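J.: Here is what each chain is made of, one letter per residue.
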Amino acid sequence: MIEGLDSTEAVSPVARLQGAATGDRIFRTLLTIAALAIPTLLGFLVYELWRGSQPAIAKFGVDFLATSTWDPVADKFGALPLIFGTLLSSLIALVIAVPLSVGVAIFLTEFAPGPVRRPVAFIVELLAAIPSVVYGLWGIFFLIPVLRVTLFPFLQNTLGFLPLFQGTIYGNSMLAAGIILAIMIMPYIMSVTREVLASVPGSQREAALALGATRWEAAWTAVVPYARSGIVGAIILGLGRALGETMAVTMLIGNRHEIATSLFAPGYTMAAAIANEFTEASTDMHFAALAYVALVLFGVTVVVNALARLLIWKVSKGRASGGAAL
Amino acid sequence: MSRSTLLLGLALAAACGGGDPPAGQPAATPTPPAGSALTGAGATFPNPIYSKWFDTYNKKTGVQINYQSIGSGGGIKQFTEGTVDFGATDGPMKDDQLAAVQGQVLHIPTVMGAVVLTYNLPAAGATQLRLDGPTIADIFLGKITKWNDRRLAASNAGVTLPNQDIIVVHRSDGSGTSYIFTDYLSKVSPEWKTKVGNANSVNWPAGLGGKGNEGVTQQVKQSPGSIGYVELIYAISNQLPYAQVKNSAGTFIVPSLASVTAAAAGTTFEPNTDFRVSITDASGADAYPISSFTWLLVRPDMPDEAKARALKSFLEWMVTDEAQQMAAELHYAPLPAPVVTLVKERITTLKSGGRPIA
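As given, the protein sequences belong to chains A and B, one line each in that order. Numbering-wise (numbering that gives the first Met the number 0), the first sequence opens with residue 0 and increments by one. Numbering-wise (numbering that gives the first Met the number 0), the second sequence opens with residue 0 and increments by one.
Looking at chain A on its own, in the form it has when it is part of the complex (with noise of 0.2 Å):
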């Protein structure tokens, strides 16, 4: 504000205080009512989340969480399969995402030649800018008849002895919404992943490289665990992507109230259940019951981020940073 003292010199400088604490009285003001208004928000959506699902708590209570009927004629409704096809899926999508993308991390800040690094980054990063339905659109028109074809009786032949690997192949199925979930989170994981790691002091290579070390094992031993707890951080970003996603989930995934061992039967998660049952839930305790499993992914989501920060936490405990990042 130098042009404001140039002009205001008739005013006294007490004055002049005064009004700059009036200014930052007002700005502090506004800034604590936007801060507050995300809590706020929060508290209110759980709050008619948990009136909504009111009957179906009184009815249902806990064993609504360890039943797996879903019958809206007779009124009775369990939630586990849909808490077990949300917590499945997001597994199968970590398994695959995380290598991939970690990889792709490591690939371009310790390895890549300059010029590739940044399109390669920005044409991951675009994946994210996809809208769920398309990538849904995309899963049944494309991903699911090759995968019926290929990949699926490949793994029927080679590891059938699993019953993971088992059964019908229908296409739609846990492990293509697994697949499909696990293209949408690669973008997240990666792109932070990349950020920490390029945080990570130029040191830390020097050092590891001037005791003989080769660049992988520079990568591998110096630069990926100091950002290790960003890396984990990275990864719970894409855990939290995946357990709400919704649109390309139910496209692909069969929708069926039921748990399965195999991976090529259909199945259901919380978020799809809500999408595609609640413009239709005809009976007071349907919507209800729908009401209660949001409320369920809503508690699902919290105790994953909680593990997630006790985990980042832990792993940060004594050396490393790159926590910070995020």
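Everything labelled a hint here was simulated from the structure, so no lab data went into it. A hint or two may mislead.
Claimed, not checked - Pairs of lysine to aspartate or glutamate residues, derived as EDC-like cross-links and limited to a Cα-Cα distance of at most 16 Å, are as follows: (1) B:K194 x A:D62; (2) B:K192 x B:D137; (3) B:K93 x A:D74; (4) B:K194 x A:D74; (5) B:K51 x B:D280; (6) B:K343 x B:E315; (7) B:K343 x B:D280; (8) B:K186 x B:D137; (9) B:K186 x B:D280; (10) B:K343 x B:E321; (11) B:K142 x B:D131; (12) B:K192 x A:D70; (13) B:K194 x B:D131; (14) B:K93 x A:D283; (15) B:K59 x B:E321.
It should be emphasised that the depicted structure is a prediction, and the values quoted were computed from it without experimental measurement.
Fit chain B to the known structure of chain A by using the hints.
T.: Relative to chain A, chain B alone:
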């Protein structure tokens, strides 16, 4: 509106969730003095014809009708809460739902639709499969699991039925289509009635779920050996193969607009009917058995006279030949003449503030 906040909460919880956020309060609540506006909400199945009707009617008379196709369940809810002037539903309201409404409810049939069985069976070639009710029920119960089952072979002489697993595909989203289909299965199979029952979404004993007609269709198209059910209109406009179904007179009927209209024509209505009539498994030699009305929900006595008059005149226009012909162009089966007469009579009983509408 607490309910609409809750809906918003659900939508948020479903993250990048499915479909439009359900609209709570309709925008136009206060009635404009001239050219009164009506608001309605409900079934998605008749949305194309309703949009066309409301648009044409607006051009003819200046009366604006805003319709939100949010699903039958949502339509019944909003109608019950009184946030819309009329509702629309594919399945009639149940008695306990009617009890929740302040005052009375009239069901006005508008057009008819049907559900067809579509399948992917290259071995059958161009021949239409022929299915009877109990067989369809047992397929969807998971009791008939092979295409060469002798009960399928019995009604399909001359068709090569392979020794192949049947993949059952049903709707995963709550839907009037499922309502009509399970209503039919409940009538033809006692086991279906007790084990599964009849609703917009049920606990399917077999198969996997596709989202919407298009979800079921892609699943069926891509998996050889699969069978699913979709709306007749959808099957016609996408040129899907569909089966003939045996009706209560014992004839195999090709689903078509004419055979759907025949299902309603064969139904006898009591003089004081509330039109909450199921016409699945209808009698009549030409009746296609998986047919149904779709309804508008209106109050027989609306407090706002301008709105009552607007709604009444729209309903009168809706049952004219002109409007019903528009329905046929969009592949909805028009109401048969006896039903039109009954509906016309019922419309004359509409009141406003206890007085007949001039």
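J.: Hints first: check each against the structure and report whether it holds.
T.: Evaluated hints:
1. B:K194 x A:D62: violated, 22 Å
2. B:K192 x B:D137: holds, 12 Å
3. B:K93 x A:D74: Holds - the C-alpha atoms of D74 of chain A and K93 of chain B are around 15 Å apart, at most 16 Å.
4. B:K194 x A:D74: Since the Cα atoms of K194 of chain B and D74 of chain A sit roughly 13 Å apart, the hinted pair holds (cutoff 16 Å).
5. B:K51 x B:D280: violated, 30 Å
6. B:K343 x B:E315: Holds. K343 of chain B to E315 of chain B sits at ~7 Å (cutoff 16 Å).
7. B:K343 x B:D280: Given pair K343 of chain B, D280 of chain B is violated - Cα atoms ~26 Å apart, limit 16 Å.
8. B:K186 x B:D137: Holds, because 13 Å separates the two Cα atoms, which is no more than 16 Å.
9. B:K186 x B:D280: holds, 7 Å
10. B:K343 x B:E321: holds, 15 Å
11. B:K142 x B:D131: holds, 15 Å
12. B:K192 x A:D70: Since the Cα atoms of K192 of chain B and D70 of chain A sit roughly 13 Å apart, the hinted pair holds (cutoff 16 Å).
13. B:K194 x B:D131: Status violated; Cα separation ~19 Å.
14. B:K93 x A:D283: holds, 13 Å
15. B:K59 x B:E321: At roughly 13 Å apart (the allowed maximum being 16 Å), E321 of chain B and K59 of chain B satisfy the hint.
This entry does not satisfy hints 1, 5, 7, 13, going by the numbered hints stated previously.
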